[in-house]
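Based on the hints, put chain X in the right spot on chain Y.
2 protein chains.
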Amino acid sequence: MNPEVLLSRIRVVLCRPSHPGNIGAVARAMKTMGLSDLYLVSPRQFPDPEADTRATGAVDLLHRATVCDSLKTALAETSFAIAMSARQRDLGPTIGQPREVVGRLLAEAADGKVAMVFGNETMGLSNEEVIHCQAAVCIPTNPKFSSLNLGAAVQVLCYECRMAAYSAQPPVGGHLATPAASPRATQEEIEGLYGHLQALMTDTGFFNPKQPGRLLPKLRRLFGRVGLERDEVNILRGILSSTQARTGHGRKGDLS
Amino acid sequence: MNPEVLLSRIRVVLCRPSHPGNIGAVARAMKTMGLSDLYLVSPRQFPDPEADTRATGAVDLLHRATVCDSLKTALAETSFAIAMSARQRDLGPTIGQPREVVGRLLAEAADGKVAMVFGNETMGLSNEEVIHCQAAVCIPTNPKFSSLNLGAAVQVLCYECRMAAYSAQPPVGGHLATPAASPRATQEEIEGLYGHLQALMTDTGFFNPKQPGRLLPKLRRLFGRVGLERDEVNILRGILSSTQARTGHGRKGDLS
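As you go down the protein sequences, you meet chains Y and X in turn.
According to the numbering used here, the first sequence holds residues 5 to 260 in order.
According to the numbering used here, the second sequence holds residues 5 to 260 in order.
Don't take every hint at face value.
For chains that are exact copies, the list does not tell them apart, and a pair is met inside one copy or across any two.
As the list claims (entries may be wrong) - With a Cα cut of at most 20 Å, we get these calculated SDA-like pairs of lysine to any residue:
no.	residue 1	residue 2
1	K214	G228
2	K148	R68
3	K222	E54
4	K214	Q202
5	K148	E8
6	K222	L197
7	K222	A203
8	K222	S246
9	K148	T60
10	K76	P147
Since the hints were made in silico from the structure, they are not lab data.
Next comes chain Y alone, as it looks inside the complex:
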């Protein structure tokens, strides 16, 4: 596939960025590597002149950036997302090295939109945000000083994206046991499944929303790592619906 098309399908999502200057640096880093789709989840301050200054010739990306208030919204339409994370999270996807994880990202981009998700400068991503992603990546750093600047981290991963997109040998993920029988499900479709499952489990009393424990994250971990196809989501939701019809409950729609 045309490398420019692949790169255009990679969305960069910044969750709760604190410094407008970093947002500008991110836009510049993206554009130098051929990426253009920027999402900002609850930025502390945006738009801002400092963002424009640091973006230099990439202000067009800032003007076209989408601002929203949840990672879930930012990942709509994408079928695969990687979380930048310095540490392994409980129930989160396994952390891989940039070259390997970006290879997988590019392989997924052949099928549709994908995303790279970065956390706040100080706090990084929350566990909840990481669990929304199907893979996680950590840029190897000096253990005595691992404080990568946000713009610098985005630059490194966008660079790896460009290298992978233009490598003679298209990166292959090696994660698909079988060629996909149906297109990948979108995040929206997968969220629909989670909502449906949660509604059913609440009905039957298996899940108590007042004492949620770790049940939902465990289910996200399970279905997150499989790479669900659209047909599979439909089958699973068909099973859930048929069960609800039987118990006399109509389909409750999506809760979450």
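Chain X alone, transformed into the frame defined by chain Y:
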């Protein structure tokens, strides 16, 4: 050779940098990747509070940086230097890709000090400066917008240095396989899940054993590729059981 020793032998030389903020960003980029030897040739303004701010926890590199007035002086003691250059110069060394050129740099570092040389933000390196170097490197960029920030360029090359230095052994960070939250399920346990699922689907009418179609193989394909853990099988069977209890059917046991 010890990767940390190799990295400590790589000097970063900035020729005539204009913006103190970029000098700070370079120090931070270097330190995150384990480099520490910074030379500044005729900086426009240094030291400067803006450099300290952007360096964050890498101000020690700024305080130890060597300021001099010619590239020749900055390259003293080094046996090999690479020039960052966006274009091929007359009589200059052939421009290579980062991974290839950095590989060569690391091989040379086994024998002694080496350097990476970066030009002024606007003008780059002069021809004269490039000719002082034994190799040249260009970071591939979007031809429509190739304006890499100086700090970002240093970050990418220092990252490649770290990756190359640790290529013989996994770099720190991000190489840990996720500890499975629970042991892998046995085939028997997984077959138990399939049987349970089939029983429920038959009860609700979603599955008709007389016209099985491709439903069961599709479910096997889905759960087969995820590598189910024992806890996950128990959760899924718990959901199924709670649903059956609700419909008034007891657990039917395994059918298949």
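Each hint tested on the structure:
1. K214 to G228: neither (24 Å within a copy, 33 Å between copies)
2. K148 to R68: Cα proximity of K148 and R68: across copies only (18 Å, versus 38 Å in one copy).
3. K222 to E54: Neither. Shortest intra-copy (41 Å) and inter-copy (46 Å) distances fail the 20 Å Cα cut-off.
4. K214 to Q202: This pair counts as within: shortest intra-copy Cα distance 13 Å, inter-copy 31 Å.
5. K148 to E8: between (37 Å within a copy, 12 Å between copies)
6. K222 to L197: both (14 Å within a copy, 17 Å between copies)
7. K222 to A203: within (16 Å within a copy, 24 Å between copies)
8. K222 to S246: The answer is between: 18 Å across copies meets 20 Å, while 24 Å in one copy does not.
9. K148 to T60: Classified as between: cross-chain Cα gap 14 Å, same-chain 32 Å, threshold 20 Å.
10. K76 to P147: neither (32 Å within a copy, 33 Å between copies)
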